[in-house]
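Peer 1: What follows is the residue order along each chain.
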Amino acid sequence: MTQTPLLSLSDLKSYYDSAAGTIRAVDGVSLDLYAGEILGIVGESGSGKSTLSLSLLGLLDPPGRIAGGELWFQGEDLLALDESGWQNIRGKKIGMIFQSPEGSFNPISTIGQQIAEALQAHRTLSRREAEAEAEMALALVRMPQPREIFERYPFELSLGMCQRASLALALSLHPAVLIADEPTASLDIVSQAAMASLFLELQATHNLSLIIISHDLGLVRTIADRVVVMHAGKIVEEGPSDQVLEAPRHPYTQGLVSSELRLDR
Amino acid sequence: MGRYLIIRMVGIVPQLLLISLLAFTIMKAAPGDPVAALVGGSSEFMSEADHQRVAHNLGLDRPLIVQYGMWLNKVVQGDLGRSLKDGREIRGMLFEGLAATLILVGCAWGVLTPMAVSAGYWAGSRRHSWVDYILSTCALVSFATPAFWLGLILILIFSVELDLFPSAGQTSMGDASFGDQMQHLVLPLLTIVLTQVGPYIRLVRGSIQDILLSDFLRAAWARGLTSRTVVWRYLLPNALTPFITWIGYSFPLLVGGTFIVEWVFGWPGMGRMFLQAAIGRNYPVLMATVLITGLLVIAGNLFADLLVAWLNPKLRRGYGH
Amino acid sequence: MAIDRALELDISRVPATPGAETLMAFCRHRLAMAGLFGLVALTVLSMLGPSVVGHDPAATDIQAIYAAPSSSHLLGTDQLGRDLLARLLYGGRVSLLVGLMATLLATMIGCTYGILSGMLPKWFEYPMMQLLDALHAIPVILLVIVSDVFGESSLMKMVLVIGLASWMGIARMARTECRRLMEIDFVKGAIMAGASPLRLVFRHLLPNMFAPLIVVITVGVGQAILLESTLSFLNMGVPATVPSWGNLLGNGMSSVLGGAWWIVVFPGLMIVLTVLSMNLVGDGLRDLIDPKNRRIC
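Chains as they are written, first to last, in this note's numbering: chain P, 1 to 265; chain U, 1 to 321; chain H, 1 to 297.
Just so you know, these hints were derived from the structure itself, not from any lab. Owing to the predicted nature of the structure, the values given are computational and were not obtained by experimental measurement. Some clues are possibly wrong.
[Stated by the list, open to error] Over the 10 Å line for every Cβ pair with chain U, so calculated as not near, a few chain P residues:
#1 Gly-21
#2 Glu-37
#3 Glu-131
#4 Leu-159
#5 Ser-259
[Unchecked claim] With the C-beta cut set under 10 Å, the calculated list includes, among others, these residues of chain H facing chain U:
#6 Leu-131
#7 Ala-134
#8 Ile-145
#9 Pro-212
#10 Val-215
#11 Phe-233
#12 Leu-257
#13 Gly-268
#14 Ser-277
All C-beta atoms in this analysis are idealised placements derived from N, C-alpha and C, irrespective of residue type, glycine included.
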């Protein structure tokens, strides 16, 4: 791939300040993401994956902060943005879905309302138009009865349905990049498989760039083109996913891969 | 919603039972001879047979449960008896007292709510800042201040020293204008609000903090919603549910606090009636005020609970607690 | 997986190990330390104070009725010329004692009721909780005053009345904690191993409830002191001859209108300081117990 990257990080550092000292959750990460690519980020708990994903949207809560490095998106310097600048990026340019499906929605508002609300935040739409689009978005992620789901509250959906609804919300804004932070970790095995195939299908139809953060090596192997392995805030290995996950070179990756439970080995 | 309503209504029954039993106990435990009270204070000149006949007519020789039933029957019909002090019909006195108390409680609510929500929001959204420390400490001080003492201090400053506001009553002699009533309202209201606001502020602060750290708020930011939408549609509505629950739950506390304040400021409400009756051993009035206060609190509780149920989609759609 | 996020996002500063490290964390909690200091100071003062002041709290002085604060009477005198400082410090003993005893009583009743309702079968728990809810609907001050109307006033009666009117919150907490603990594996294990109910309560439930219990007790003592002072202010509390803080405020209204501000200001300040200290300590302890507050501070 010789095109210019969509999203480009160089030497990005995200630190947490605490009384016990500075915690370097992300410690100098450089990474490029190209259009239409699925990038997997794997690593064990505490390796800085989630902090990295939040940094990409400027969502680190204090005392977390971006301590250095650069972050470019479509030729725009994200770290120079003010709050309203970020609002134009978040959701609209870079979407994100989170690990906890029920935690993705406002508990006292219906799914449909929330999708419509997000649509209206980024585009000038009448309420009726926004609601119609929200319903279409729900149909897109293969919700059985979109009209019915539209009227439901988050607590009235199963976890798998909730996660699909949150995917619908993210896609309805047509972002260039979608970040999925442990998207299948809270789901049962059937929903996990459904989610994985949905990602593949939508990525193909939407020409989406996808960053999948997971410690489920199976999921990453199935859908990612390229894999980055993180350890203690740093990237220790990077490359095409079959190469990295089948023949790891770095000792840490070798440990990680060999600790995976697999029946075919 | 229907199921929740039924459960909540059933919950009222023991409350009503308990409050009526308490009131009935006051009447039964009151020292003195009820027969004597009926004939004007002394039964010396009655024959033993006459005394027994009157007692029988009053039902005093029946089992307690029957007496309770008779008493309840009278109370439900609005017959609360007469004051021992001046023989006035208690029912009329109660209406006046209840109105005066409701003015205080209502105004206190009206001031407390915006004050607590804004202070709690301010402190909660700036966790561990100086604003947070100062407001939290103020809330703790408010919680630790006896209402009657703050009332005295306010009288000392604003009535005795500065002569700005009257120290007692609901109106001045011969002047019942709106402005005059407002002037009389200031100090009692201030006392109630300042001594009650503490827990409310802490509650709002706590739930704002919780929600600020919650996943769904982070998700809301990640969608690129404006901060106005996030605050008004995500943060505040979710923080307000526990707040309204607490308003209902702490309603007895508010009423109790109001009673003491009424006493200090000579506010002619139910609280003053109650305390006067307690000090003057005026048992029928004591009974009646306890009963009505209990009903008031139960009603206030119920109202807040229904409001919460209506605001909370989980309860509205009948998913139980 | 939840732990993954917890580790990654919520880097714990306060160590989870109990004992010495918790104590250290408490010491770092500035407000709690201030509260603890206030409590110690108040206790020491009211224990040793009266002998240091040099005035007998009961000695009247007709020459110095309503004397303003001066070098001979640091906080002034009351309507009988008694030294206010001496009475204040002596009154501290009464108020603290009543508060402590009443809360102890409330704790015993509340724990018994709460644990019973938590351990008994559901059909028994329901009416017990209904009674608790019903009791909650009556303002505490109403209960206290109504029970106060009957019988002669004494210190003992004050303790009984306040204790009997303020156990409901503790009962509620004890029940919640009990229900929570009963769901945890080690308690389930003890039940399956055939532990007797008494052993269950004293070996497993109570020791694990200790922390939240301490919090409600600290706050409870403060509330009991407030109640005592309110009752005594209404001349319905401890006997008028005993100088509790509330009793010192008993004729506060006439003092205020007569301009003798010191009689009202100082006893009230003592109450506020005591209850505030209690609440600060209670708050500090709550912060330590509550895992929510173990996020990055």
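Peer 1: Run every hint past the structure and note whether it holds.
Peer 2: We went through each hint and held it up to the structure:
1. Gly-21: holds (18 Å)
2. Glu-37: Holds, because the least Cβ-Cβ distance between Glu-37 (chain P) and chain U comes to about 21 Å, which exceeds 10 Å.
3. Glu-131: holds (16 Å)
4. Leu-159: At roughly 13 Å from the nearest Cβ of chain U, Leu-159 (chain P) sits farther out than 10 Å, so the non-interface label holds.
5. Ser-259: With a cut-off of 10 Å, Ser-259 (chain P) remains clear of chain U, as the shortest Cβ separation is near 28 Å.
6. Leu-131: holds (7 Å)
7. Ala-134: holds (4 Å)
8. Ile-145: For Ile-145 (chain H), the interface hint holds, since the closest Cβ of chain U sits about 5 Å away, which is under 10 Å.
9. Pro-212: Violated, about 16 Å.
10. Val-215: This interface hint is violated because 14 Å lies over the 10 Å limit.
11. Phe-233: This hint holds: Phe-233 (chain H) lies near chain U, its Cβ roughly 5 Å from the closest one there, short of 10 Å.
12. Leu-257: holds (7 Å)
13. Gly-268: holds (4 Å)
14. Ser-277: With Cβ-Cβ at 8 Å, under 10 Å, it holds.
Hint compliance for this structure: hints 9 and 10 are broken, all remaining hints hold.
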